[in-house]
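Visitor: Sequence:
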Amino acid sequence: MGLERFCVKTPRMVAPLARSVLCIVGLLFTFSQPVCEGFNLDLESPTVYSGPTGSYFGYAVDFYLADSASVVIGAPKADTAQVNVKQGGAVFYCPWGLSQSDCHTIQFDPEGDRSFSLNNTEHQVDFKSHQWFGATVRSHGDTILACAPLYSWRTEKETPHSDATGTCYLSVHNFTKFVEYAPCRTEISEAIGQGYCQGGFSADFTTDGKVVLGGPGSYFWQGQVISAAKEEIIKAYYPGYFMQSVEGQIQTKQVQAQHDDSYQGYSVAVGDFSGDQVEGKTTPMGSYFGYAVATTDINSDGMADLLVGAPMFMVRGSDGRLEEMGRVYVYLQRGPLNLELRLPHLTGTEAFGRFGSTIAPLGDLNQDGFNDVAVSCPFGGEDRQGLVYIYNGYSEGLREKPSQVIAGQWAAGTIPASFGFALRGDKDLDMNGYPDLIVGAFGVNKALLYRSRPIVNTTASLTIYPTMINPEEKNCIVTSGNASVPVSCVNLSFCISADGKHLPDFQVEVQLDSHKHKQKGAVKRALFLDSQQPLLQRRMRVRHGERVCNHTKIYLRGEKDFRDKLSSIYVALNFTLDPKAAADSHGLRPILNYQTANVIEQKAQILLDCGEDNIYNEVPSFYLGDDNSLTLTFNAKNEGEGGAYEAELYVVLPPEADYSGIARNNELTCSYETENQTRYLSCDLGNPMKSGTSLWAGLRFTVPRLKDTHKTVQFDLQIRSKNENNSHSEIVPYKLEVVVQADVILQGVSRPDKVFFPPVNWKLTKNHEVEQDVGPAVEHIYELVNNGPSRISHTLLELRCPLSFQGHPLLYPLEFSTEGPINCTSDKNMNHLRLKVSDLQLCADTHLPGSNEAQNQTVKLCSRPQVVTPVVWNKPDIENTVPLWIIILAILAGTLLLALLIYVLYKFDFFKRSVPYGTAMEKAQLKPQAASEA
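Using full-length UniProt numbering, the first residue of the sequence shown is number 1, and each one after it goes up by one.
Please note: incorrect hints may appear among the correct ones.
Here are the simulated DSSO-like pairs of lysine-lysine, each with C-alpha atoms no more than 27 Å apart in a straight line [stated by the list, open to error]:
1) Lys-501 / Lys-401
2) Lys-603 / Lys-735
3) Lys-735 / Lys-711
4) Lys-177 / Lys-427
5) Lys-524 / Lys-474
6) Lys-711 / Lys-690
7) Lys-177 / Lys-253
8) Lys-711 / Lys-603
9) Lys-690 / Lys-565
10) Lys-722 / Lys-565
11) Lys-707 / Lys-690
12) Lys-427 / Lys-524
13) Lys-763 / Lys-836
14) Lys-524 / Lys-553
15) Lys-86 / Lys-177
16) Lys-560 / Lys-603
17) Lys-565 / Lys-735
18) Lys-474 / Lys-553
19) Lys-524 / Lys-560
20) Lys-565 / Lys-553
21) Lys-603 / Lys-524
22) Lys-637 / Lys-560
23) Lys-722 / Lys-637
24) Lys-553 / Lys-603
Calculated directly from the structure, the hints in this document are not laboratory data.
Construct all of the structure, not just a fragment, from the sequences and the given hints.
Guide: Below, the structure is given as structure tokens:
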């Protein structure tokens with residue numbers, strides 16, 4: 001039972017499935033290529049490592065990047081130099097970049113079978129022939145773990161090899177030391193113990209370097225998982241000691257008998273499933289469910305997810321018979337130990353291909369932020385050569401379809417090639433920034449290294465301007481022989497930009513096609529001015545992170561060369577990386593991201609006699625919320641040689657529109673009908689509609705039921721007749737845009753309209769308790785009015801207030817109040833001093849949510865007001881008062897000055913009394929005279 005992993009039965013051969021796939025890369029250019037060209041693993045030139053014939057070289061593989069870029073490859077049936085050991089198995093060390101002859105074996109164990117002496121008799125201790133050393137190979141840092149799961153040791157039974165305890169060896173410190181680790185090699189060698197353990201049947205390292213071994217044969221095949229730190233294994237090892245006690249070793253124990261034949265440890269993978277950054281082991285089996293397990297974070301949520309392979313899963317075919325197809329189950333970890341099974345499952349398509357035999361985490365191959373996974377189908381494909389599928393991770397798990405399929409290079413012989421039986425990824429061997437993949441094919445003694453090519457993420461644009469080609473305007477010259485012919489042309493420009501990780505400059509081949517296929521042999525109406533052909537090829541050099549543009553023109557051929565003037569002229573841009581461009585420094589050529597749309601189309605119309613927009617209508621677009629009415633005018637012509645019998649105009653109405661009547665040409669008759677929820681008009685054009693007939697008419701519609709989730713409203717028009725040949729014209733779609741147009745008015749006012757500062761009886765204090773302590777209240781009121789006709793959504797009204805002026809506080813944010821469905825936020829804390837407030841409105845960012853979600857929105861803001869609050873500064877009396885000491889000093893100074901003035905005047909006899917008319921004698925002398933005169 002322990003050999004079931006190594007020997008796989010194939011009950012019957014199945015017919016190989018056709019795998020050729022047609023990939024369209026342009027409108028005119030198709031290439032037959034396999035699916036695998038869609039992703040970035042380089043399949044053209046893999047590095048192939050070969051081992052000795054019959055050695056099962058490639059049964060196990062891994063990367064080893066400690067000392068140099070290299071790989072390690074297990075060959076469990078290889079012959080070695082060990083004495084008296086047959087097909088003991090080996091592990092090869094293969095440096096990358098060198099020739100295959102440089103692969104050499106790692107001397108983990110140079111000894112042959114060991115023995116010990118008891119009573120002068122040599123007793124053989126272990127049996128290394130056919131031990132399958134190298135069936136399991138894993139690396140971690142400078143350590144390589146290699147196991148021999150069929151190694152047997154001391155037994156007294158007739159068939160000593162039946163007690164396969166298994167053993168492993170570790171190469172540490174870059175091959176400077178080798179130690180043995182055989183935790184199942186105990187005193188109890190019978191089936192009730194670990195005698196059939198097959199330790200190392202599966203193995204892995206945790207991220208911190210702990211060794212995890214699976215032994216599915218322990219305890220009547222209940223199975224066992226054993227783990228120990230590699231540092232402790234090295235400490236416990238002592239040459240010559242067969243049993244060693246490793247400090248800190250943990251292992252599962254024997255349980256009830258109903259768990260016999262559970263094969264725990266058949267496959268192991270490590271990952272954090274407890275939420276405490278401690279990695280656990282997953283070990284399910286059950287009817288080959290759990291034959292392979294792997295853990296990796298595929299949806300980039302920071303938690304490890306679980307993938308479980310069931311390579312013998314049966315699927316019921318179309319004939320009702322069960323066929324073995326294989327399946328991989330994906331469990332997303334939603335929380336600690338909370339695994340959610342994702343649907344649909346990944347199911348194989350190759351009968352008896354053993355899809356899901358090996359699952360390998362690859363890391364992020366295409367650098368899109370999600371880890372990818374490889375799944376093997378080692379007996380699938382043509383002639384059972386083996387297949388490996390690459391699945392990409394995304395936010396919801398793994399994508400259902402593979403982005404790349406790798407096929408084996410060797411057909412099945414006596415032993416199937418088993419391409420993909422061993423897989424290993426998630427390591428960057430050539431250091432180009434992208435992880436690589438190793439695939440083993442032990443049936444042909446091969447291992448292949450596939451390196452990842454740099455991914456180019458491109459953005460391209462194609463523009464035609466103007467989109468109308470006027471046949472009457474000859475604005476370009478075409479040289480034909482010695483003649484110059486004026487033609488009608490329009491401009492065309494195309495631009496390409498690219499980015500990616502570790503990208504060199506690269507060349508892009510651009511192919512332009514000016515004709516949309518309608519039927520074989522159709523006339524190509526437009527040609528490129530540069531080539532005078534309907535095709536144009538350009539080679540452009542694009543530098544990483546730059547945008548490169550190119551320009552040309554397309555022109556109309558002569559009107560006599562074609563008849564179709566109604567249908568659009570399509571121009572297609574198709575770009576690919578130049579296959580002749582030189583490889584990068586790693587010898588790899590970049591590849592376009594497989595999700596890139598590398599074909600872009602634009603169209604132009606031939607200008608007809610129906611206005612500037614080339615469409616007969618009276619409404620350029622529809623407005624949500626408006627009473628939309630439309631007059632659609634058409635011109636129906638019969639340019640054939642005969643009459644069109646029972647000709648009618650067939651117009652399919654969109655669900656948003658209603659038919660109103662005929663606007664022009666009263667002779668036209670139309671009927672309105674409904675068929676299978678399709679509403680249409682059928683207008684009689686004549687029976688017959690004679691050759692050369694040109695009929696003008698107009699149809700009126702209303703469009704009252706516009707949906708805000710639709711960008712356009714489309715009418716489909718077609719001329720139908722009962723003629724046997726060409727009974728239906730091409731359907732002409734007429735699209736009108738659905739737009740949002742809103743006339744929005746914003747107005748505001750300040751209350752009060754003027755502020756006097758400081759207010760009466762206001763005092764400046766440090767402790768504020770009520771709003772009046774801060775200053776006078778200012779209230780701004782804003783009104784936002786939508787005059788339509790459409791509603792608006794996700795509207796942001798931003799109000800700004802000056803909270804400071806020249807570094808000094810000016811306004812104190814207090815609070816705001818709103819009316820209506822308004823959600824207000826502010827970038828400042830409201831009332832951070834927690835004052836007692838009254839109802840005030842504060843300037844704030846205001847969101848006015850609506851229900852409209854239309855794409856094309858036009859909002860007209862009629863005003864951008866500034867609400868101004870003038871501030872008038874008062875001059876209180878306190879500002880004119882003079883300190884008392886200045887007043888007293890002024891009085892004293894005035895008194896002193898007055899005294900000094902008086903003293904000076906006194907000295908000048910200013911204060912002596914004077915008689916106006918002289919002395920008394922003078923008065924006496926005057927008296928007689930006065931008397932005589934009298």
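Visitor: When the structure is checked against the list of hints, which entries are broken? Sort them ascending.
Guide: Numbers 6, 7, 11, 12, in rising order.
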